[in-house]
Structure formats: C-alpha cells, structure tokens
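Chemist: Assemble chain B onto chain A, guided by the hints.
Protein chains in written order, with the numbering used here: chain A, 812 to 1059; chain B, 812 to 1059.
No lab work stands behind these hints, which were simulated from the structure alone. Remember, it's a predicted structure, so these values are computed and weren't measured experimentally. Errors might be hidden in some of the hints.
Since the list can't tell identical chains apart, any single copy or any two copies may satisfy a pair.
Stated by the list, open to error - Quick list of in silico lysine-lysine cross-link-like pairs, DSS-like style, CA-CA up to 27 Å: (1) K994 <-> K920; (2) K842 <-> K965; (3) K908 <-> K994; (4) K990 <-> K965; (5) K816 <-> K920; (6) K965 <-> K994; (7) K908 <-> K1007; (8) K919 <-> K994; (9) K816 <-> K898; (10) K898 <-> K1007; (11) K1007 <-> K816; (12) K842 <-> K919; (13) K816 <-> K874.
2 protein chains.
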Amino acid sequence: MTDPKPAAILVIGNEILSGSTQDANIAFIAKRLAARGIELAEVRILRDNEAQIVETLNEMRPKFRYIFTTGGIGPTHDDITAECVSKAFGVPHEVHKEVEAAMLADYKKRGIEMNAARLRMATMPRGCSLIANPISGPPGFRMENVFVMAGVPKIMQGMFEDVENMIEGGAPTLSRTVKCNQKEGDIAAELEAIQKRYADIDIGSYPHFFQTPSLSLVLRGKEQARIDAAAAEVEAMIRAHGEEPVAG
Amino acid sequence: MTDPKPAAILVIGNEILSGSTQDANIAFIAKRLAARGIELAEVRILRDNEAQIVETLNEMRPKFRYIFTTGGIGPTHDDITAECVSKAFGVPHEVHKEVEAAMLADYKKRGIEMNAARLRMATMPRGCSLIANPISGPPGFRMENVFVMAGVPKIMQGMFEDVENMIEGGAPTLSRTVKCNQKEGDIAAELEAIQKRYADIDIGSYPHFFQTPSLSLVLRGKEQARIDAAAAEVEAMIRAHGEEPVAG
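In isolation and in its complexed conformation, chain A is listed as follows (with noise of 0.2 Å):
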C-alpha cells in the first residue's frame, strides 16, 4: 500500500488557519483520489503568503505525482494562487487570451463589466492548460503535475470533474470497516499480529467516544479477497473476545 510517487493537497487560505472557515475540500478529494487509486500521502495548509506558497509549491513539485490546490484564485487582492505558481514555475503570468475571450462574452451576457480585477482571474502562467469551471465563471488550470482549483467546495467539486479527466490512477483502494465495543488496549496485540500477516491491508483502529459501537476496525486496500480475508480474521478475534462484530 505505499505507491512510491503519492499524490498531495495544498489548501491555501487565512480562512482555514485563522479556524473561521472549517475546510471541506480535503475529505472531498481524499475520498475521490482512493476511489481513483491514487493514494494521498500528504496536506498541506497555507496562509495567503507569497513567499510561503512559492517556496511550498516548489518542495513539493518534484516528491508528488499530483498536487492539488483549493483557493486564492478569485479577483481579490488576497487571491495570490496563480501568481505563486507562474513564480514556482518561473513562467510569466500574463492574460490567458482564450479565458479573456470566454469571459468577455459571458459578462456581455450578464451585464457585467470587465475590469483590472476580474481580468486577474483570466491570469494565469504561460503554457498552463484549462481546467473547466462547470458552476460559475473562469476556469482553474493545470501547470505541469500542479492543479489549480478554486477554494469554494462546489466551484472545486465542478472543477474537479475535468481534473480527473486528466490523472491517471491504478486500482480503486477498496476499504471494510469492522466494528465492535472491544478496548482498543484488549485486541492490540492480537490486531498487530493480523496486520502483519496482511501488509498488503491497512488495517486501522479509531476508537469513538459516546458511540456504539464504540471501535471501527478500518482495512483498506486493493484487492477485495485480501480484504475480505483479514477481515474475517478480525471478526473471528472478536468473537474469540465475545463478541459479534458489526459490519461497519
């Protein structure tokens, strides 16, 4: 279960760090990038900081297959998105002449006027490609292995369609989730011993306060058979405490 070049996000926004705004990007992606099979080693949240953002984008440009930004690409002076990533890539940040069109004829239809700032979002890094924007206005872009998207869920779940027209992935990672009211302290050793017979399987243990069942027993991976396996072993363990394990 470790692919050697894993995917990661970048979340760039005050709004997130300051605890104003609770993200929902993260979740979003994750969840899409497993049933993708591509597997998400890393996130990263950063402020509105140039320099920050730049140096950032360029440390992770080389580790990850794929990097995924949310935020900071709308006509506000706090949108620096674009800017960071034509500085990472050393490109010029000019007027995107295909987004400026498409823009344009859609503001003549809806009366509203072009101006310095709604032209920043038509910005973008020289030689960068489209991501289309299905919900409202200008699209996000792909600049190499970094995807830019917007910071608004639905605008990037829009966004996000196109994206996966553009990524390649393996086997869907499957999961099964296993829960039980067993102490996570009174199966551990036993729990280790199945993961060790299975290291293929991710198997993980998230105890749950004020719920029951009160522990759900996690594994993940690519194939249905191993899973189904392990987690047959984990059920017989369960039962060895006592208890009939729950289907998560």
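Modeler: Chain B only, in chain A's frame:
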C-alpha cells in the same frame, strides 16, 4: 500581522487522508491560538508513516515556535507518533514511570489489565513533560516546542486546556466581519486600496454560494480601533455601491 516565528499543526493519521474521517481538531486549535495571539502559519496532515513523520518533525521544529500534533498516541499498531517524536529528537523511547504508575492505579480501580499494548501509551521520549488528560486515560506530552496530543477531538480538547498553561501568546487576534451582496469583482480594487492603507490588518474576501449576504469581508488584527477604522472604510465603500452592509 506577520509573526517571525508562528505556530504549526501536524495532524497524523491515515483516516484523514483517506477521507473517511473529517478533521475537527484544526479549527479548534486555530481558534484557540488566535484568541491567545499566536499566529498559525501552517498545517500538515500526514499518514501513519514513520519516515515521513520523523522527517517532517525535524523540518518543522526549527521553523515554528510551537508544533501541535494530534493523533497516533493510542495502544494499537497504527499509533506511532510517540516513537516518531523520540526518533526525531534522537532520545531513548522509554516507559515514563510516573505515567505507568498512574495507569496501573487507574486500571486497578477499573478492573482493566495492563499489557504490552497499553504500556505503549506510557512509553515516551526521555526528557518529555506531561500534558494532562482530564477526559480519559494516559496523558499527552511535550518535548521542547512539540506538543503531542490525542486525535479524538474530546480528548484533544481536554489536553489543550493544559497546553494553554505552557504556551505564551501576545495580544489576541481580533476580527470583525462585514457582509454584503456585492460581487467580488466590483469592489476588488477599492478593497485592495483599503488593505494597502491598513498594513496591520488582514482583509479577507470570502464569497458564498446560495447564501445571502453572499460575500463576507473579514478584517483581522491586533488593535480594535484599527480594525474598526478599516471596517468603517469598507462599509462606506459598500454604501457607495448603493447597498447597506450588515455586521457579520
């Protein structure tokens, strides 16, 4: 608003990166830090992967004033945070006698058996100090600027009460929100001009979909009078666009 040595959060756990669990700890810690006047500059979310955690800890330790970790300190095989901290600091990973004694006393009362798995929760980097756990079971610990807490939100929040006794902040970060229905692109230039006049205030612009008012302008800073002055300019600008702004 730029702290030369801000804080960071390190969230550890496959369950967040698989999308199966929505993180609830980042927003909690972020809000508490803001109230304490400690700037949060970065969050990283990592898998249960020893090499990646050790490397990340050692990369982050010199860069940040405080690093708050959540997750990975339970008794099961996938809980590897404590070992990783010992490795990152290059110190022996050993049973903390005081923690072991407290656990034994507690387990005796509750009729729980001590075993190798549970003893792992008392095994910590040599030289660490303890973070009280008022909710359930073994404590977290602090090693220099690294604060190691549980991942279960209730327990993490309980531990954070004690962490707050150990960290030093500055003036709390204050914020004020002005809401309106302006389109971002219509007010971006004027908003940027206000931002330039108030370098000590961070002005963020956050559009909402399917909500009224549809735009939140969030002003954050250390001095209420400066925030109020900037907010008054933002409100005057919105009125000049023919709309009465709303307090957020």
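Chemist: Would you mind marking each hint as holding or not holding in the structure?
Modeler: A quick look at each hint next to the structure:
| no. | hint | result |
| --- | --- | --- |
| 1 | K994 <-> K920 | between (62 Å within a copy, 16 Å between copies) |
| 2 | K842 <-> K965 | both (16 Å within a copy, 25 Å between copies) |
| 3 | K908 <-> K994 | between (61 Å within a copy, 23 Å between copies) |
| 4 | K990 <-> K965 | between (33 Å within a copy, 20 Å between copies) |
| 5 | K816 <-> K920 | neither (45 Å within a copy, 49 Å between copies) |
| 6 | K965 <-> K994 | between (40 Å within a copy, 17 Å between copies) |
| 7 | K908 <-> K1007 | neither (56 Å within a copy, 29 Å between copies) |
| 8 | K919 <-> K994 | between (64 Å within a copy, 16 Å between copies) |
| 9 | K816 <-> K898 | both (24 Å within a copy, 24 Å between copies) |
| 10 | K898 <-> K1007 | between (46 Å within a copy, 22 Å between copies) |
| 11 | K1007 <-> K816 | within (24 Å within a copy, 42 Å between copies) |
| 12 | K842 <-> K919 | neither (38 Å within a copy, 43 Å between copies) |
| 13 | K816 <-> K874 | both (7 Å within a copy, 26 Å between copies) |
Comparing the model with each numbered hint stated earlier shows that hints 5, 7, 12 do not hold.
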